[in-house]
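Colleague: Now for the letters of each chain:
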Amino acid sequence: MSEHAEAYLDARQQAARQGQWRRLPLIHRQWLRWAIALGVVVYLILALASVEVNWARVAEGTSRGLRFIGAFAQPDFMSRSGDIVDGLIESLTMTLTSTVIGVMLAIPVGLGAARNIAPLPVYVVCRSIIAVSRTFQEIIIAILFVVMFGFGPLAGMLTLAFATIGFMAKLLAEDIEDLDWRQVEAVRATGASWWQTMNHAIQPQVMPRLIGLSMYRLDINFRESSVIGIVGAGGIGATLNTSLSRYEYDTSAAILLIIIAIVLLCEYSSSHVRRWTQ
Amino acid sequence: MPVSTSPHGIPVWRLRTTRAQWLQFGAWLLGISLFLLCWKVISDNTMWVFVEDAGRQGSDLLSRMMPPKWEYASILWKPMWDTLNIATLGTALGIVMAFPVAFLAARNTTPHPLVRSLALMVIVSSRSINSLIWAMLLVTILGPGVLAGIIAIALRSIGFVGKLLYEAIEEIHPTPVEAISATGASRLQIMNYGVLPQVMPAFAGISVYRWDINIRESTVLGLVGAGGIGLQLNASINTLAWNQVSVIFVMIFATVLVSEWISARVRHAII
Amino acid sequence: MLTLSGVTKRYPTGDRALTDIELTLPKGQVMALIGPSGAGKSTLIRCVNRLVEPTQGSIRLDDVELTRLSGSGLRKARRSMGMIFQEYALVDRLTVMENVLSGRLGYVGFWRSFLRRYPQDAVAEAFRLLERVGLPHAIDKRADALSGGQRQRVGIARALLQSPKLLLVDEPTASLDPKTSRQIMRLIRELCAERELATIINIHDVALAQQFADRIVGLRAGQIVFDGRPDELTSDILTTIYGEEDWDTSPESVDEPESDPTPAQYERRDITGAMASGVAP
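Protein chains in written order, with the working numbering: chain A, 1 to 278; chain B, 1 to 271; chain C, 1 to 281.
Wrong hints could be hidden among the right ones.
Quick list of the computed label-pair ranges, beta carbon to beta carbon [stated by the list, open to error]: (1) C:T55 - A:W276: 36 to 42 Å; (2) B:L188 - A:L48: 26 to 32 Å; (3) B:P113 - C:T55: 20 to 26 Å.
Away from chain A, derived, C-beta distances all over 10 Å, residues of chain B [as the list claims (entries may be wrong)]: (4) W22; (5) V41; (6) K69; (7) L104; (8) V115; (9) S117; (10) R127; (11) L132; (12) E178; (13) R216; (14) S263.
Just so you know, the hints here were simulated from the structure itself, not pulled from any lab data.
Built from N, CA and C at the ideal position, the CB exists for glycine as well.
Please model the complete structure; the sequences and the hints are all you need to start from.
Modeller: Written out as structure tokens, the structure is:
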């Protein structure tokens, strides 16, 4: 192999001396290069062929699309203001409670999912909770919870809390797994108990990021709370869904603008909180 | 100072000063009352009769899901293929659009501050709106089908890829860029030689990461009619065929695990 | 060939980096620019190829007024001014050959450079330069796989591939060890002589400057305070440039170019001294 590489380099040097030079190929083996290119082309053809487009329907929808874009120029906040406010309050309360509950539950799960402080059985259980919570979209969980707990914001809140557990616990566990172990040992060396170790060695190292992540998750939960209403789990999503199916685009535009504004506000304030805690 | 002197003249050490303590106490009080208030709103809007019934409902659901109706899997291959296509083509389309937007949004490559704020606005609106909402909008415009799903995923991906990419662009080393401009290179050549090689690994990583997220998201787009396995899910739920739903769940779970594994492998190889 | 007159640079913060610089550089002359950190050496060099915009004054290269150029005119002027940087400023993820060829960007169109289809003579010249700086075997290596001295050689090859009339060199040895520093300076010196390039070298190290330059210009607080031959540089003049210091009894500065009088090093020395004498710092 090294002989081959040397010969190759020698050939390239000779060529460069003559003024012939091409960029080094990203993939060295030529057949593999062609195989990958061919694979991509074949996939694109197959995939695009399986996309069926009903052009008559698209043409019909175009005017609706234009109307919708036009609605952003004059969004209608007023005519459904009652519904919008109710939906918003539900969304915001769901966001807050689910984040708080989710983070509180995520802490023990995260501790359990960190290989360096948890015993193996606990580790396996906690990791599978995380896997299940992360794999399924919030909306699927919401469907199940709506069946179990009935329509309304409670199902939504539980959904978001469940999703928060998976998200936070995974990141928290990763954080704990690569924290600075010398500090932990230093505290242990003073004769501290397990709880004291947690409190004095691990918590200070993990806390700033935990707060930052919670703020980030608050932001995500708000965005998610705007969709789980579609399956009946409460929030602004239900209002949006109704307005869209009634073709009241000016109201939908208003709701979307409100969502964008709140997300912006969330992001702005969370960056402040993060700077403040660090 | 955290160290003060007690009435007996013995120095007392406290973690924080009293004023900070009060502030912290106030913040906790405020937070807890806000939480309780929110809880009350939710509790008022909840039919607690149903909730008391939740355990029985849950076990009922579980018993109907079990055993899964495995033969149903045979008609799921086509929807699954559609789901993969929605995710992959949507990601590709989103990346193609996000790439220029990111360069326009990064402080060090934008041609004009006005263009920059416009690009940032595109990124924010794309990020704030969930792909399911995009799908809902597009279904009313384009009609139900895979196309609406692809475009919904693409529109949502612009914001995600665009934001992470423009942050990566803003963090590049400025000296190679300076060196390339000193050779008399044009603007595009500076981007191509000075900026692009520096952000390429980040860009590839972000794209694969988004593809992985998009697989997950495209499994549910069918709930609003935008194609893929979500259509089957919706149909099975509406007919209360829970033993089919469990088959769909297993398939989604497997697909997501595989895509997550692929994305982790690829990102590992890049970095 | 290069004429600066009345060049002044004021930063938006109000700091005056350069005041009324008058300087003429004939063809083939190697000029070293010395002065303490923050004296405006880097700013002066960057004003010439307009990486920094001068506030006032005129800079002429042959018959071209550089300060008035923009767009393609500026690009054309820049390609006749090669620049070598302190931290090498190579693009790490490109190969050595790509880095050298990027010196040719001012001459080729976008698509050619994007597809890396450089003209035959450019490639042959790039390879000749790589042989000249002693790195022909590294053409396909990535720039971040090289050592500091090797990177600086690639940087030199890149600057020379521009076929410049003028070479701007910004602290070429500040990140290198003493031996490599000498080799690099010698290489620059030889290449300038071969191609009769006018050269401005910013340099911290007075000993290196004296050894390798034809002419030395001292800068202090944005003004020229000395302009003359290397042998005219006495300790009195060094005092006007750098401030009070015992210039004659510094044997280290001959073999150890890194040890110019920066405050940090003196501090460190003070502390070690204090600890050695058993006094708690």
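Colleague: Holds or violated: is the Cβ of S117 of chain B farther than 10 Å from all Cβ atoms of chain A?
Modeller: 13 Å, holds
Colleague: Would K69 of chain B pass as off the interface with chain A, using Cβ distances and a cut of 10 Å?
Modeller: 18 Å, holds
Colleague: Is it the case that E178 of chain B keeps its Cβ farther than 10 Å from each residue Cβ in chain A?
Modeller: 24 Å, holds
Colleague: Against chain A, does W22 of chain B hold up as non-interface, every C-beta pair farther apart than 10 Å?
Modeller: 17 Å, holds
Colleague: Quick one: are L188 of chain B and L48 of chain A within 26 to 32 Å, going by C-beta?
Modeller: 30 Å, holds
Colleague: Taking the shortest Cβ-to-Cβ distance between R127 of chain B and chain A, state whether it exceeds 10 Å.
Modeller: 7 Å, violated
Colleague: Honestly, do T55 of chain C and W276 of chain A meet the 36 to 42 Å range at C-beta?
Modeller: Holds, at about 40 Å.
Colleague: For L104 of chain B, is the shortest CB-to-CB distance to chain A above 10 Å, so the non-interface label stands?
Modeller: It holds; L104 of chain B is separated from chain A by about 19 Å at its closest Cβ, greater than 10 Å.
Colleague: So L132 of chain B supposedly isn't at the interface. Is its beta-carbon more than 10 Å from every beta-carbon in chain A?
Modeller: 5 Å, violated
Colleague: Classify the label on V115 of chain B as holds or violated, using whether its beta-carbon is more than 10 Å from each beta-carbon of chain A.
Modeller: 19 Å, holds
Colleague: Return holds or violated for the Cβ distance of P113 of chain B and T55 of chain C against the range 20 to 26 Å.
Modeller: 22 Å, holds
Colleague: Please settle this one: R216 of chain B was flagged as non-interface, so is its CB more than 10 Å from every CB on chain A?
Modeller: Check fails; 6 Å does not lie beyond 10 Å.
When each numbered hint is compared with the structure, violations occur for hints 5, 10, 11, 13.
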